[in-house]
Structure formats: C-alpha cells, structure tokens
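Protein chains: 2
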Amino acid sequence: MSILVVGSVAFDNIETPHGKRERCLGGAATHFSLAASYFTDVRVIGVVGEDFTAEDEAVFTRRGVDTRGLEHAPGKSFHWTGSYMNNLNEAQTLNTELNVFATFSPNVPDAYKDSDLLFLANIDPVLQMRVRAQMPNVRMVGGDTMNYWITGHRENLVKMLAGLDALLINDGEAKLLAEDSNLVVAARKILTMGPKALIVKHGEYGATAFFSEKAFGGNKRLYLPFRAPALPLAEVVDPTGAGDSFAGGFFGYLDSQKEITLENFKRAMFYGGVMGSFAVQRFGTEQTQSLTREEIDQRFALFRELSHLD
Amino acid sequence: MSILVVGSVAFDNIETPHGKRERCLGGAATHFSLAASYFTDVRVIGVVGEDFTAEDEAVFTRRGVDTRGLEHAPGKSFHWTGSYMNNLNEAQTLNTELNVFATFSPNVPDAYKDSDLLFLANIDPVLQMRVRAQMPNVRMVGGDTMNYWITGHRENLVKMLAGLDALLINDGEAKLLAEDSNLVVAARKILTMGPKALIVKHGEYGATAFFSEKAFGGNKRLYLPFRAPALPLAEVVDPTGAGDSFAGGFFGYLDSQKEITLENFKRAMFYGGVMGSFAVQRFGTEQTQSLTREEIDQRFALFRELSHLD
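Going line by line, the protein sequences match chains A and B.
If you want this note's numbering, it's the 1-based position in the first sequence plus 1071.
If you want this note's numbering, it's the 1-based position in the second sequence plus 1071.
These are computed hints drawn from the structure, not numbers from a lab.
Hints may contain errors.
[Unchecked claim] Simulated pairs of lysine-lysine, DSSO-like, Cα-Cα distance not exceeding 27 Å: (1) B/K1147 to B/K1230; (2) B/K1285 to B/K1267; (3) A/K1091 to B/K1246; (4) A/K1267 to A/K1285; (5) A/K1337 to B/K1091; (6) B/K1337 to A/K1246.
[As the list claims (entries may be wrong)] Here are some of the chain B residues that sit facing chain A, going by a computed Cβ distance under 10 Å: (7) G1120; (8) M1200; (9) Y1276; (10) G1277; (11) A1299; (12) V1307; (13) I1331; (14) F1341.
Since the model is a prediction, treat every value here as computed from it, not as a measurement.
C-beta atoms are modelled at their ideal positions from N, C-alpha and C, and glycine is treated no differently.
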C-alpha cells in the first residue's frame, strides 16, 4: 500500500513559551509524511528552493519517504514565522514568505500514479483539484483546508470538496464552512457537500468523526459519530504540525489496512491522536523523526486505557 | 445506599435560541437530585420560600427524593434570570435574587446522618464545610464551586477542598483555581489541595478525571487520567443544569455500587455524561423528571459505541 501527499514543505521560525527555533523543517506535507511513514509507504509532492539541503531531504528519506515528487525550484523555500506566546492553541503568524511556493503547480509523477490513498494538504483548492484529477482510480481521497480558502475562495473549495472522501478540519473551520455554530448541524451540512466522512479536530479534546450515509459502501445505515481522545499533556512544547501529524497517523494507518471499514476508521482516529500527541512534545519534526512503531503502539494502548471502560 | 446533596433550589427565568421559560424549577440541588434519583436514594438539603408550592415539591417526591431537609422559610425562593442568546456554552446572568437563600444555614437532619455519599453543590464554602463537619463518617464527599468563590473567597475554599474526595468543576474554574493555563499541571496542583479525584467538565467535549496517588485506597499507583465523551447533539435547548445533572448521574451511579473502584468511577463518568446530555434537551428539569432507567442505559450504550474501539 502507499499514500501520496501533496502540500507545503517549509522552513519555520517558531516561538513558544518553551523556547525559540529558527529554520525548523516544517510544512503540512512534511509533518504528514513523517507521521504516515510509520504505517505505510509515503510519497510526497511539493516544491523546495535552493536553500533546501541534502540533509533536509534526508529527513524524509531516512523515514523511507519517496521524494521524487519534490520539485527543486530556483529561489528560496516557503518560510513561515509564528508565535504561540499568547495562546498555545492558536499560532499567531508573524511573517509568511511564499517564495517558490507562490508559483507551485503540482504534477503527479508517473511513478506515483498507482498510489492507493491521496491526501490533499491545505493548499489552494484549485491545486488540490488539479492533483485529484490526475489520480482518478485512487482508493480514498482525504483533504484539509483553512479559513483563508473558506472565506475567500469558497466557490473553488466547494468544487474541491465534491471530490473528497474525507475532510479533516478543526471546529472553527467546520462552523465557518457550514455557517452554523452547532457542530452536529455543521457536520451534516458539510457531508452534503461531498465528503463521506468529516473529521473535526478539537485540539486537546480529541477529535470527532461524522459519517454520511454513503460511507463504507453506502449501505445507508445511519452511523453514530465517533469520538477519539487526545492525551492530556503537562507540557506542550510546540503545537506546529499537530493537525498534519494527526492526518498522517490517520491516513497512514488506514492505508496499511486491506479494507477501510468502520472499525479500521475508528482505530485510525486513535492513531491520528497518537501521532498528534507525539508531534507537540518537541519542536518542529524533532519527535516525529525519531519514533519507533513500538512506542507508537504503546501510546495507542494508553489512548485506549484513557478512554475505555472495562 | 443513599446520597445527600446540599445546594440551591431556585426558580429560573431562562432565555435560549429555542425559546423562553419563566419560573422553571431549578437550582443545583434540584438538577442533582433528579439526575441521581434514577440510581439511588436521594436526600436534599436546601431552602425554599413561600412561593414554593406542593406541586414544586412533588417534582422531587415523585422521583422518590427525600425532601425532609428542605427548609420552608418566610419570603421568596432564590430566583435566577439568565440568557444563552449570545453563547449556548455560557449563561449570561441577567438578574439574581437570593431571597431566602441569602441567609441559608444548612443543618443535616438526624434522619440524613447515615447517608453514604455527600455532595456539596456550589454554595459558600463556609456552608459546605459546615455540612461536611456534620457528616464525619460519610463514605465519599464530592463538591462543586465557581469563579466567584475561587477569586473572592479563596482562603475558605481551600479549607473546604481539604475535606473533599472529589471535586467537579469546569476547565476555566480548574485553571483559575490552580492559576495555571495547562490543564494537566492545574489538575496536579488541585490534587495537592485535598481531593483525591478531580473531574473537569469540558461541556460538549466531555469530561476528564484526574487522580491523586491517594485515590482508591492509596496504593500509590500512578493513575492515568480518564476521558468520558459527551454526546454530539444537533439541538441544545437549554444548557442550564447540565453540570449538576452530570454530577447527579456520576455520584448517583457511584452510590449505587458496593465499592468505589476505578472501573466504577469510569462508568460513573459515562453516566454523568448521559444525564448531562438528557438535561440539555428540554428546558429546566423537564427531561430529567420524566426518564426511565431503560432510556438511561440505552444512552449509556450509545456513549460506549461513540467512544470505544471493537
């Protein structure tokens, strides 16, 4: 099995109450790839500049991530500067330099076309659709988006959503997208826009999955939502990439399974939470670079103990 | 088994996006009593005025609640007016008339002294301590409080906490009490103040229990926190009393069990969520007055399906 992710690869300057880091390797595709790499084969599509070194690329390849889809363009890589000094739950963007990312035009290499799953990380919905169209036979398509596209590019976003099997966003994004302040009502609306499953991330409170009647083969059974916990942590060092690590753990686990059943979907939600909990324990991708599958499964067991009766 | 609750009995004027109600029977002790009554024998201590009718009292007695501790005082009952028009998650208090509650001085009737559990609902910590002192041999003591006592009466509150086995508060109250914005750190601090267990209510995201090493017989094993879900609801009619109904379900279930084990505690967290989810589906105590144990156990099964793998 293999999963293809398209999204940003970036350098991040990050400030949190636990310290400051400059030029951390980051970006949604990076966090996603590393998290998913513990479960399945990962292929990445993105663009980097001349400042992206062989050592940066080795962060991917050491985890077995296929980087043949990483385009090396003239100029500098995408560079983001953010601070969590006021609020650990929400980054304050201090500076964004798109650089080579401004003209990113993703194409799927032939070698990637047999990927089983596709994840469209948070980029322009026009580009998400462009990649989606090049992968007509993929088993499952997941996607992410953000307020910027919801408010300013709604028409394109709605078109993009029609091509998704699963959308992963947070509470605020779901309510904004559906224009409703009740999460259940918002979820029902979003599920009429295309996705068969909506995963809403609640940060420290975990995540909830909502399903349309078309999910899991469309037997029209009305599925109950599913809630996965997050790990209560005494120390959150750097929240950057938590959501993308969740997505990587979630889709990586799903891709490693023969069938996408409701039970596998639930377990994938737990693995998403597990990878998100690791991501925030150190700066950038430091923690997600250096895990073992055993540590991941131990934490999965912890998540179960944390939330299960008996 | 039997549980004794001391707290407010009130009339509430409530406005929510779903409508307006005047003189709903309310108050923490009322919501708690009705929720707990589905699990165990309940005894209530409170004060009401001359406007409290036989029909109001019948709301308690129809559910088998022992009202011999309800003091009938000259004057009017406690009257609260609140609105959820701006935010369904937080009541805006428009008016508070303490009336007979202003001089409330609770005493435990002899007939109540053999109660197994005691719940000190949100009242002045001086009064909570007064009741606590009259129940030296009780099996377990739970308590609630609010920002008003945390900020303005901290010294008394801290003394009261020393006599509690379990404290039930929400996220904001826990962080304010501990003066720390990280919930895990806040919980650890609060657990050094006396309670062996802290239950933090997250509203629509459920609740988390944290345990000190003194919990469950003090075997010094380090307990993992435990997370119970809330039911995602498309319609929240009236949030008033959700937290007290959670507490009633939680302590009511615990009191019905021979032993207070970790496993019973976890199930009690689920029953707390179940009773909270019923409470918000209609105005005031309308829903909690008229349930069956079968409906409650069906929803318990739903909570399990909502949150459990396999």
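Outcome of the hint check:
About 31 Å separates the Cα atoms of B/K1147 and B/K1230, which puts this hinted pair outside 27 Å; it is violated. The hinted pair formed by B/K1285 and B/K1267 meets the criterion: a straight-line CA distance of about 6 Å does not exceed 27 Å. The suggested pairing of A/K1091 with B/K1246 holds, with an alpha-carbon distance near 25 Å, which does not exceed 27 Å. About 6 Å separates the Cα atoms of A/K1267 and A/K1285, which keeps this hinted pair within 27 Å; it holds.
For the suggested pair A/K1337 and B/K1091, the alpha carbons sit about 40 Å apart, so the restraint of at most 27 Å is broken. Pair hint B/K1337 plus A/K1246 does not hold up; C-alpha atoms about 31 Å apart against a cutoff of 27 Å. About 37 Å separates the beta-carbon of B/G1120 from the nearest beta-carbon of chain A, more than 10 Å, and the hint is not met. The beta carbon of B/M1200 is not positioned within 10 Å of any beta carbon in chain A (closest approach about 30 Å), and the interface hint is therefore violated.
This hint holds: B/Y1276 has a C-beta 4 Å from the nearest C-beta of chain A, less than the 10 Å allowed. The closest approach between the C-beta of B/G1277 and any C-beta of chain A is roughly 7 Å, which is under the 10 Å cut-off, so the hint is satisfied. Nearest Cβ of chain A to the Cβ of B/A1299: about 8 Å, under the 10 Å cut. The hint holds. Given the 10 Å rule on beta carbons, the hint for B/V1307 holds: about 7 Å separates it from the nearest Cβ of chain A.
The criterion of a C-beta within 10 Å of any C-beta in chain A is not met by B/I1331, whose closest approach is roughly 15 Å, and the hint is violated. Interface hint at B/F1341: satisfied, since its Cβ lies 7 Å from the closest Cβ of chain A, which is below the 10 Å cut-off.
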